[in-house]
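**Q** Chain by chain, the residues run as shown.
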Amino acid sequence: MVLEFLSYQFGVRAMIGGLIIAVTCSSLGVFLVLRRLSLIADGLSHVAFGGIALGLFTGIYPLYTAVVGVVLGSLGIHSLGKLRVASDAAIAIMFAAGLAIGIIMISLTHNVAVDVLSFLFGTILGINQTDLYLAAALGVTVIGILLLFWKEWVGITIDAEFARVSGLPVSALELVFTILTGLTVVVAMRLVGVLMVSSLIVIPASAAIQLKMPFRQTVFSACGVAVLSVVAGLQLSFMYDLAPGGSIVLVTICFFILAALAARLLPKIPKKSSDGSWDHQCNR
Amino acid sequence: MPVILPGSEKVCLTLNNVWFAYGANPVLEDVSLSICQEEIVGIAGPNGSGKSTLMKIMVGLLKPDKGTVSFACHIDECEGKSPCRPCIGYVPQNPVIRQEQFPVTAREIVEMGTFGQIGLFRRMNSDSREAVDAAIAEAGLDHVQYELFSDLSGGQQQRTLIARALVGRPHIIALDEPTNGIDAQSKQEFYTLVSHLNKVHRITVLMILHDLPDLAAHVERVIFLQRKVIYDGPSASLNAEGLWNLMITAGKIT
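Sequence lines, in order, name chains P and X. FYI, in this note's numbering the residues of the first sequence are -18 to 265. FYI, in this note's numbering the residues of the second sequence are 1046 to 1299.
Hint data in this document are derived by calculation from the structure and do not stem from the laboratory. Don't take every hint at face value.
Distance windows between CB atoms, simulated [to be verified]:
id, chain 1, residue 1, chain 2, residue 2, range
1, P, R17, X, F1166, 24 to 32 angstroms
2, P, A67, X, A1066, 30 to 38 angstroms
3, X, G1068, P, L246, 46 to 54 angstroms
List time: in silico DSSO-like cross-link candidates among lysine-lysine, alpha-carbon distance up to 27 angstroms [claimed, not checked]:
id, chain 1, residue 1, chain 2, residue 2
4, X, K1111, X, K1273
5, X, K1101, X, K1111
6, P, K63, P, K132
7, X, K1273, X, K1055
8, X, K1055, X, K1108
9, P, K63, X, K1108
10, P, K193, P, K132
11, X, K1101, P, K132
12, P, K63, X, K1244
13, X, K1244, X, K1055
14, P, K63, X, K1101
15, X, K1232, X, K1244
Backbone N, C-alpha and C define an ideal beta-carbon position, used for all residues, glycine too.
Produce the complete structure using the sequences and hints provided.
**A** Right, dumping it as structure tokens:
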């Protein structure tokens, strides 16, 4: 039966958590993909892995150490950029550092194999109430800040150089955006795991961009693709006993293929026409 | 609205002994110049002569290693501000939106010109929307404002970027190689628009130009660079031979 898993408590938690993550990841994803920063989610997810391993080693709740880790990782990427290190190299350095810390911490910790696997591959069907509250708090924070600085993010994404000339505090906003991405990674990795977290950020956004719509509609479409992917992925996972993280990501890829085909095969949608001219008077 | 004080010959932008280097490579050496209000100035020079760097210093994107940049807009509300950011409209050479299938319309790009003036946390209001409408009409983009930027012709894209720079009602507009990649008709329309902005709206125009004939035909004053200023004078006194001599002089400096 369709959405039968919602009759179970764990299914409801999975759906709510999944929808929070879908909206958060996909809306940030459009900005990241357009700024060619798709790999930043990958880099920060491995930094988060280092944080999780540190949490398991020290006995602190792993998502808390992951949050601290990604904030520090975001600052690291931003600082390397200030030192004129190329953005892809800065991300790769943080990626390697996070992974190295994670491996060392795991080697020092006993009996953590199951816990580590749950973070690597995601356990959306096993998320508890604490995870859900944390996901909700981080999701609301990320979306709230995204909306608060909406026009600034749009400006920086369209043309960071012009935004700087206009007087926008581009460097500070970029740092905030990187930290938001890190927090989103922490939220998302509980669902699909560290290894596939960037998929939820990159693929729905890339699918929406294929459709060649104005900016705002592109962000809404990315959210739509991600939400549908979570619902369909959970359904498939429940019906055929598949890994939920992998199912969700494969559904997003199907949406991407459909969007790419639609953009090439369907006739172009006519644009809104001009609603009249304005008689410009120069007041100088 | 800003009101230009009387005196059209007033200096609005001054560079004093500006030096700049990318690492160990010197790009600008001891550049000093003044731009007067309502001038149309062409900046020329061979590749790597420091033209774009000079413009980025002028608009505040780069800080000089040595020397000073000062503005005096002679606009009542702007006096005392340095850098006078709202007074400069910038049209970069190759914004990333030109190169990719960006999901952004011409109007969305023009709207971006209001963001700096609106300020953080605030949304566009009716005044800023009117300013966007006016800039779109000025640039002749009414009929394509809801089209995706990537679907526009090179000339329409260029006018969109100019409209974005005009939204803030600038007193100086700085254009980095504005005629690159556009056809002859669009180029003519572009120069007509520039002339209109200068004559009617009294906007000072700074342009980096590669085409030597365009320099003679469309600007009043030429600044020829090769790390330092090797010519600064009226374009009228520069014929084709004079421009080629400048290129040869520049080559010797390299």
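**Q** All hints are to be evaluated individually against the structure, with a verdict given for each.
**A** A quick look at each hint next to the structure:
1. P/R17 - X/F1166: 24 to 32 angstroms: holds (27 angstroms)
2. P/A67 - X/A1066: 30 to 38 angstroms: Between P/A67 and X/A1066, where Cβ atoms are some 20 angstroms apart, the hint is violated.
3. X/G1068 - P/L246: 46 to 54 angstroms: Holds, since X/G1068 and P/L246 (Cβ atoms, about 50 angstroms apart) stay within the stated range.
4. X/K1111 - X/K1273: Holds, because 14 angstroms separates the two Cα atoms, which is no more than 27 angstroms.
5. X/K1101 - X/K1111: holds (15 angstroms)
6. P/K63 - P/K132: Holds, at roughly 24 angstroms.
7. X/K1273 - X/K1055: holds (24 angstroms)
8. X/K1055 - X/K1108: Holds: X/K1055 and X/K1108 sit about 24 angstroms apart, inside 27 angstroms.
9. P/K63 - X/K1108: holds (15 angstroms)
10. P/K193 - P/K132: holds (20 angstroms)
11. X/K1101 - P/K132: holds (24 angstroms)
12. P/K63 - X/K1244: Distance ~42 angstroms between P/K63 and X/K1244 Cα, so the pair is violated.
13. X/K1244 - X/K1055: Within the cut-off at roughly 16 angstroms; holds.
14. P/K63 - X/K1101: holds (18 angstroms)
15. X/K1232 - X/K1244: With a Cα-Cα distance of about 18 angstroms, the restraint between X/K1232 and X/K1244 holds, given a limit of 27 angstroms.
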